[in-house]
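Following the hints, position chain B against chain A.
If you're matching them up, the sequences are chains A and B in order. Following the UniProt record's numbering, the numbering of the first sequence begins with 1 at its first residue and continues without gaps. Following the UniProt record's numbering, the numbering of the second sequence begins with 1 at its first residue and continues without gaps.
Hints listed in this document are in silico derivations from the structure and should not be mistaken for laboratory results. Bear in mind the structure is a predicted one, so any value in this text is a computation, not a measurement. We treat Cβ as the ideally placed atom computed from N, Cα and C, and that holds for glycine. Don't take every hint at face value.
[Claimed, not checked] Below are the SDA-like pairs computed for lysine to any residue, each with C-alpha atoms no more than 20 Å apart in a straight line: (1) K506/A x E542/A; (2) K428/A x W132/A; (3) K594/B x N458/A; (4) K434/A x W131/B; (5) K594/B x V491/A; (6) K594/B x S488/A; (7) K594/A x N562/B; (8) K594/A x K434/B; (9) K462/A x L433/A; (10) K594/B x W132/A; (11) K594/B x W131/A; (12) K506/B x G474/B; (13) K434/B x N562/B; (14) K506/B x F530/B; (15) K594/B x E542/A; (16) K594/B x E483/A; (17) K434/B x S488/A; (18) K434/B x W131/A.
[What the hints assert, rightly or not] To give an idea of the interface, some chain B residues facing chain A are shown, with a C-beta separation under 10 Å as derived from the structure: (19) W138; (20) I149; (21) V383; (22) L433; (23) I579.
[Unchecked claim] Which bits of chain B does chain A cover? Going by a derived footprint, with three or more residues having C-beta under 8 Å, they are: (24) 487-493; (25) 559-569.
2 protein chains.
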Amino acid sequence: MFSVTITSYIAPAAAGSGIPEVRAYLNGVDAPDIFSTSTLLVKIVGCIAAVSSSLHVGKAGPMVHVGACIAALFDNERLHKYHLTGKWLKYLNNDRDRRDLVTCGASAGVAAAFRSPLGGVLFALESLSSWWRSSLLWRAFFTTAVVAIVLRELIDVCIRGKCGLFGKGGLIMFDVTSTTIVYHLVDLPLVILLGVIGGILGSLYNFLMEKVLKIYKDINEKGIGYRLVLAGAISLITSCLLFALPWFASCQPCPDSTKEGCQRIGRTGNFKNFQCPSNYYNDLASLFFSTNDDSIRNLYSSGSHELFDQYSIIISFLVSYFLGIVSYGVVAPAGLFVPIILTGAIYGRCVGMLMGSRSSLDHGLYAVLGSASFLGGTMRMTVSVCVIILELTNNLLLLPLVMLVLLISKTVADSFSGNIYDLILQLKGIPYLKGHTEPYMRQLTVSGVAMGPLRIFNGVEKVSNIVHVLETTGHHGFPVIDEPPFSSTPVLFGLVLRSHLIVLLKKRDFLPTCRLTSAGITKAYSSDDFAKKSSGKGDRIEDIELSEEEMEMFIDLHPFTNTSPFTVVETMSLAKALILFREVGLRHLLVVPKTSSRSPVVGILTRHDFMPEHIFGLHPLLMKGRWKKLKFEGSPFVRYFRGLLLGSANNSVSSEF
Amino acid sequence: MFSVTITSYIAPAAAGSGIPEVRAYLNGVDAPDIFSTSTLLVKIVGCIAAVSSSLHVGKAGPMVHVGACIAALFDNERLHKYHLTGKWLKYLNNDRDRRDLVTCGASAGVAAAFRSPLGGVLFALESLSSWWRSSLLWRAFFTTAVVAIVLRELIDVCIRGKCGLFGKGGLIMFDVTSTTIVYHLVDLPLVILLGVIGGILGSLYNFLMEKVLKIYKDINEKGIGYRLVLAGAISLITSCLLFALPWFASCQPCPDSTKEGCQRIGRTGNFKNFQCPSNYYNDLASLFFSTNDDSIRNLYSSGSHELFDQYSIIISFLVSYFLGIVSYGVVAPAGLFVPIILTGAIYGRCVGMLMGSRSSLDHGLYAVLGSASFLGGTMRMTVSVCVIILELTNNLLLLPLVMLVLLISKTVADSFSGNIYDLILQLKGIPYLKGHTEPYMRQLTVSGVAMGPLRIFNGVEKVSNIVHVLETTGHHGFPVIDEPPFSSTPVLFGLVLRSHLIVLLKKRDFLPTCRLTSAGITKAYSSDDFAKKSSGKGDRIEDIELSEEEMEMFIDLHPFTNTSPFTVVETMSLAKALILFREVGLRHLLVVPKTSSRSPVVGILTRHDFMPEHIFGLHPLLMKGRWKKLKFEGSPFVRYFRGLLLGSANNSVSSEF
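For reference, chain A alone in the conformation it holds in the complex (with noise of 0.2 Å):
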């Protein structure tokens, strides 16, 4: 509750796992205060709180979201308030090189939370960015180099002197090569089993958490009570559910191995003892009141078969899965990782346990490819995850099977629905903009959705138009034309920024009269005032106020407009707008005409263009014809035999070029 408080008074951007925003941001979205300070320190503090009240969380979403916010902190603005000036520094001035920067960010989150440096790497190339170039492969790696040589530097020290948990393995790191793993091609048909049966229930997890969070998203509007009574909520049916359970568990003697011999809850070590007398343990228990990663670490040991009671571990499963559903949508900072894994293992366990002799594979090891199945099936990622749990593991003999059990369980669950940080996009209304093209695309001309009333400016524009079309209209980019005296015929001479725009009104360097503006204009203002402002700080045109004489006045737009936009002609498919748009990163696209005898521009695109909410808004008919979106459509089941139906036409798109 202490969590849900400060999020929500001070950082409501730093609630859920953040994973989805930085997805979102790289995409190209900026989501406001998503990197601010505040909700900086708020995901730090509050993902302590959440994790250490035994809330089913993780802490690996947030460690990325923390990793990207550390990242944006090497803002041009903020430097230069703290006196950190330098030539270098200019790079920073610009989207992209703040997305690298940001993508770097996160991949050294992900490599600390799993000390997974790879891991990290490839989670960022595969669930988080949208663009990637091999420079940035290299950049990332470098993080995440780095990430491990400190981390190896610090856990060589804490293992010398007393650093709490740390040092012995706080983070994840569970060391199951002791013995050898054998497999054999026997063995195959059980593995295909286990990713079937993990994508499925990976896509129920999916489904039942989106239907969840729909739900808290109503209570959560509501207001800072009704959130705290429902993390009470969610914190009271979790401690209910620990504590009771344990006491339908039976008693079983303590292992020999162990060294600390059984403990009583509260104190470290693998084994509880609950209700039981001492040297006896009880496993449900032990399970419940480990944490997650001393949890994992068992589930994943092997040639431990007698540790677990098979009812303990199917009870354990469903709690775990329940409660991973319910507890995400707490307005806190919370991952999903980690309950996932958690999860997937007790899944695998149950495999095993319920297969018994019939098969030789050690228990352990069903529980690091239930770990991947589940994971296949909830977040859809593949070659990181891969990665992570074989980095986790420390046994690359396990790559063949996990690999397959990825694979399985992915292709099964994408059968049945999005997966989950899509879905969270899609819940908080992100304009995400994917990769792919959709089919009824092809079936549109981009005119066809550039709608609304076209804004323009001329060369030479006066004060007054420009800031009344800036106040009533919501547009960051305005196409500029030249028109007689100027040129002979109308032409398109650029594209225009909101920004620039509201920099040029701030300076009050107008004209006169409707001429060109000298050709040292350009001098009077430095890049720097044209860099772009941290998302959400830049002056708004609210904030400026000019005189009746001033209005009267005119500016010069030539030198300030980007002569070189991007366009397309207006009878262009919106598919293969859509490529252009998303492979080379645009965020306006001017329409042209076919024919020259109109305006030179008759529209603008932005993101929003290509949703499919607004272009079902426009051309209804499209839902209801053969081009139907599937995602409209209601049952999961429907959905798939649809998608086999239209597989080919999903496909035929990629043909265009």
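Chain B only, in chain A's frame:
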């Protein structure tokens, strides 16, 4: 010489490693015959011959090419020939899906060569592919997972039965986990030094390789006789060195640990006694006469400080470095990877020996780090090399050190010269389109490079005109313009491809007069008619013979024209046009005029227009100006310092967005 003979006579495209060609193909350059069946066969047979002749060449590169060839076999045309048809096959009809398939094949090749499934995926991502999508990651991952599982099963089978060297690790698989490797902060300076020297050695290697390849190119072009003499000379030099030098090495007593004892040359086993008495071995001969894989395994093995003499290691380093440079240029399938790993490993041991007791690091670890630094210095790959080395050594604890060494050596080498594949591509004259823009491109507009006579077709065009244009130019795409009476003013209708025009001419479905065709005309064609033929297999205009009468008839091009070509305005900067061209993966980019007074198209940009050679040909002043292209200067050292000076100019392009 057998290998050179079959390569020269049957498939010249099979010469070399094949990785540069695969890279160029994935960049959009279809070199003739690189994926033909004869290339595949020659590559396999020739590679076996070249490697088994003790030539200092590798098999990894050819395996990548073989993988790509096998993937390219799934070609629609070829499958048709064998009556393999099916609905899913139509996805292979377009360039993008074929590229994806080839990428997967190449990853499978790497995965098989190094038994490194993740390394395969990352290699394809980092070094081969020019465009990358999330779904491709997932497909490549699936391919390498299958490779890993099949390999695993074959090894299982071979350990029981008799498969020669295969089950024993004929492919590389080093197990150096026997001892835990310890390193501390004090070892870091040494590791950094190792990286710096590795980077310098690597870039020197590239530099010398480029010179040698230029000389060889001249020799090889003179004919098959010269090629055979060259190959014979290199073989002779190799044999002389390998058989002569061990005579100067001292004999050492056989280690007790080895089961097989010290063997004569020609037998398997790690220690060769050469001229030494039995129970003694010659360390230089042991390095030279083992297979490369065995040598690398010996060098990587830990706790083996005493196995090799200091002078033997230095001599073998020099020999390996020299032979690596002179062997690659032979006209035979030959890889670069394994020689570089071996040379790097020996280099690492060298440094380890020179440090002597001043360093506590294991010499096996030195060898691993030496390989990493030399790979980083020559190939400039980071993540993939790191993963391959990790999967080879099966020891994740090495990760931080390997990463560090790779980063340093790559950074150092990057300041001197380009990576080895780029150099080879440049020597072959392949127009490889780089991912980044050069500073001078911002100074130019697209109209400044889109030169040459533009050939335009009318919407309804006379057959004789089409034939004439196709015969007199080599262009692959032509703008189609609608003029009166089909439109009020001339408008750009779209872009028609040469290959489609040839299909139309072959069909002879002409119109007697200049009018629009009926709507049903497209029914006469199936999509297969316009499917892209595999490289070099399409019909040529010379093969089509038309009568006088037919030449006077017309074709309505409207139904066969791409009506949504990507266009740029003539004033757009070349840098931005390149971004569009590269990111969207275009082959033709139409240049439209800014004002509508002239023809609706003023030029067409293709890959060649973006090549530095073309641009400097048109604008020689650029070479002399401040934006001088650094590549055109002599010494790598001069380049280095100019690179430092111009660093800011290079980077500022990235602030375009």
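Report task. Starting from the hint list further up, note which numbers the structure goes against and sort them upward. Result -> 2, 8, 9, 10, 11, 13, 15, 17 and 22
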